[in-house]
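Enquirer: Take a look at the letters that make up each chain.
There are 2 protein chains.
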Amino acid sequence: MKFDDKVPIYYQIKNYLYHEMMTGALKPGDKLPAVRQLAVDLTVNVNTVQRALGEMITEGILESQRGKGNFVTMDEERITQLKGKLVMEQLERFYEQLHALNLTDEQIIDSLKQYIAQRGQQDDQRLSN
Amino acid sequence: MKFDDKVPIYYQIKNYLYHEMMTGALKPGDKLPAVRQLAVDLTVNVNTVQRALGEMITEGILESQRGKGNFVTMDEERITQLKGKLVMEQLERFYEQLHALNLTDEQIIDSLKQYIAQRGQQDDQRLSN
DNA sequence: TATAGTGTAATAGATAAATAGAACACTAGG
DNA sequence: CCTAGTGTTCTATTTATCTATTACACTATA
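As they're listed, the protein sequences go chains H and Y. Using my numbering, you'd call the opening residue of the first sequence number 57 and step up by one each time. Using my numbering, you'd call the opening residue of the second sequence number 57 and step up by one each time.
One or more hints might be untrue.
As the list makes no split between identical chains, a pair holds if one copy fits it or if it spans any two.
[Stated by the list, open to error] In silico lysine to aspartate or glutamate, DMTMM-like type, Cα no more than 25 Å apart, as pairs: (1) K83 to E152; (2) K169 to E148; (3) K70 to E148; (4) K62 to E133; (5) K62 to D97; (6) K124 to E148; (7) K83 to D161; (8) K58 to E162; (9) K139 to E152; (10) K62 to E162; (11) K87 to D61; (12) K83 to E132; (13) K124 to D161; (14) K141 to E76; (15) K169 to E152; (16) K70 to E119; (17) K139 to E76; (18) K70 to E145; (19) K124 to E145; (20) K58 to E111; (21) K62 to E111; (22) K58 to E132; (23) K169 to D97; (24) K62 to E76; (25) K87 to E133; (26) K87 to E148.
Hints listed in this document are in silico derivations from the structure and should not be mistaken for laboratory results.
Build the full structure now, drawing on both the sequences and the hints.
Expert: Put into structure tokens, the structure is as follows:
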């Protein structure tokens, strides 16, 4: 896994697991890979994994069962709330940053549309190769 | 100045100065505040300021004149390119993150529109108080 | 030519993050 | 009961960042 060296790895691991849950790769009640296995998969130390999981357990999004494993909470509402929170965080940061770069609301929306449109073209090109 | 403790301060200072240039608060040829003054303003150490400025000088966006001060480059093209690069970085990260959260292109655009619309309402409320 | 204002550099210490390694606690299954 | 697989905890070490402090180099100007 590729990490951005500007933000703590344990923090990026949290976001990685969040995303796995949001996309359904990890469903409510699912068992996570063993911490030692995760450490190998992410080419990272066990303690770093543990730190990420520890925080998520505190948040109530994961549940730990000693000797068995770590599991995604069965509380689906909690996951829904989390997704909403993560989306909102992205929106806030994105808007704030582009606004700080002196773009108007309209320019922000337009630039996103244009970016997505161009991206679509690139995808088409890749598919046709 | 408030810093996000998840990313290096020198890095956040760079972004702060970038934004000052994008908004026109710092124009081509302008002299920056003295490094010691910046350190006071940002409640940060001189070395930390120097590290941020040093990188921007390497990038060619700032020019240093020993004994005189640090100046924004006169090369306006360079600033325009920088703005484009910064906007593109935000777009890429935003899209990637929301896509990873399993939102479709349409949902991404809609959520942004909705966010901006709601934001406008909040602004209106503040203005009427 | 002093002096104040500027950038630059170097050292040493503090803290947070990440690593390596070991040990401990619990569970399941033969 | 033993063992393999799991989570948990601890210590020690390294690295990056930030700070504090001092010193040096250059410029403008009184």
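Enquirer: Could you run down the list of hints and mark each one as holding or not?
Expert: Taking the hints in turn, this is what the structure says about them:
In this homomeric assembly, K83 and E152 come within 25 Å of each other (Cα to Cα) only across copies, at 21 Å, whereas the closest approach inside a single copy is 32 Å. For the identical chains of this complex, K169 and E148 are neighbours both inside a copy (18 Å) and across copies (12 Å), given an alpha-carbon limit of 25 Å. In the homo-oligomer, the alpha carbons of K70 and E148 lie at most 25 Å apart both inside one protomer (19 Å) and across protomers (20 Å), since each shortest distance falls under that limit. Taking CA atoms no more than 25 Å apart as the test, K62 paired with E133 passes in neither setting, with 32 Å inside one copy and 28 Å between copies.
Both within a single protomer and between protomers do K62 and D97 lie at most 25 Å apart by alpha-carbon distance, with minima of 21 Å and 24 Å respectively. Taking identical chains as interchangeable, the C-alpha atoms of K124 and E148 are never at most 25 Å apart, the minima being 38 Å within one chain and 39 Å between chains. In this assembly of identical chains, K83 and D161 lie within 25 Å of each other by CA distance solely across copies; the values are 23 Å between and 36 Å within a copy. Taking the shortest Cα distances, K58 and E162 never come within 25 Å of each other, neither inside one copy (34 Å) nor across copies (28 Å).
With identical chains, the CA atoms of K139 and E152 are at most 25 Å apart both within one copy (20 Å) and between copies (15 Å). Taking the closest pair of Cα atoms, K62 and E162 never come within 25 Å of each other, the shortest separation being 31 Å inside a single copy and 30 Å across copies. Taking the closest pair of Cα atoms, K87 and D61 never come within 25 Å of each other, the shortest separation being 29 Å inside a single copy and 31 Å across copies. Taking the shortest Cα distances, K83 and E132 sit within 25 Å of each other inside one copy (9 Å), while across copies they are farther apart (51 Å).
Taking identical chains as interchangeable, the C-alpha atoms of K124 and D161 are never at most 25 Å apart, the minima being 50 Å within one chain and 39 Å between chains. Taking CA atoms no more than 25 Å apart as the test, K141 paired with E76 passes inside one copy only; the shortest distance there is 15 Å, against 29 Å between copies. Taking CA atoms no more than 25 Å apart as the test, K169 paired with E152 passes in both settings, with 18 Å inside one copy and 14 Å between copies. Proximity of K70 and E119 under a CA criterion of 25 Å is satisfied intra-copy only: 14 Å inside one chain copy versus 40 Å between copies.
Proximity of K139 and E76 under a CA criterion of 25 Å is satisfied intra-copy only: 11 Å inside one chain copy versus 33 Å between copies. In this homomeric assembly, K70 and E145 come within 25 Å of each other (Cα to Cα) both inside a single copy, at 15 Å, and across copies, at 22 Å. Taking the shortest alpha-carbon separations for K124 and E145, neither the intra-copy value of 33 Å nor the inter-copy value of 42 Å comes in at or below 25 Å. For the homomeric pair K58 and E111, the shortest alpha-carbon distances inside one copy (21 Å) and between copies (23 Å) are both at most 25 Å.
In this assembly of identical chains, K62 and E111 lie within 25 Å of each other by CA distance both inside one copy and across copies; the values are 20 Å within and 15 Å between. For a Cα distance limit of 25 Å, the shortest separation of K58 from E132 qualifies neither inside one copy, at 29 Å, nor across copies, at 34 Å. Neither within a single protomer nor between protomers do K169 and D97 lie at most 25 Å apart by alpha-carbon distance, with minima of 36 Å and 38 Å respectively. For the homomeric pair K62 and E76, the shortest alpha-carbon distances inside one copy (22 Å) and between copies (22 Å) are both at most 25 Å.
Taking the closest pair of Cα atoms, K87 and E133 come within 25 Å of each other only inside a single copy of the chain (18 Å); across copies the shortest separation is 53 Å, beyond that limit. For a Cα distance limit of 25 Å, the shortest separation of K87 from E148 qualifies neither inside one copy, at 32 Å, nor across copies, at 32 Å.
Checked against the numbered hints given earlier, the structure breaks hints 4, 6, 8, 10, 11, 13, 19, 22, 23, 26 and satisfies all the rest.
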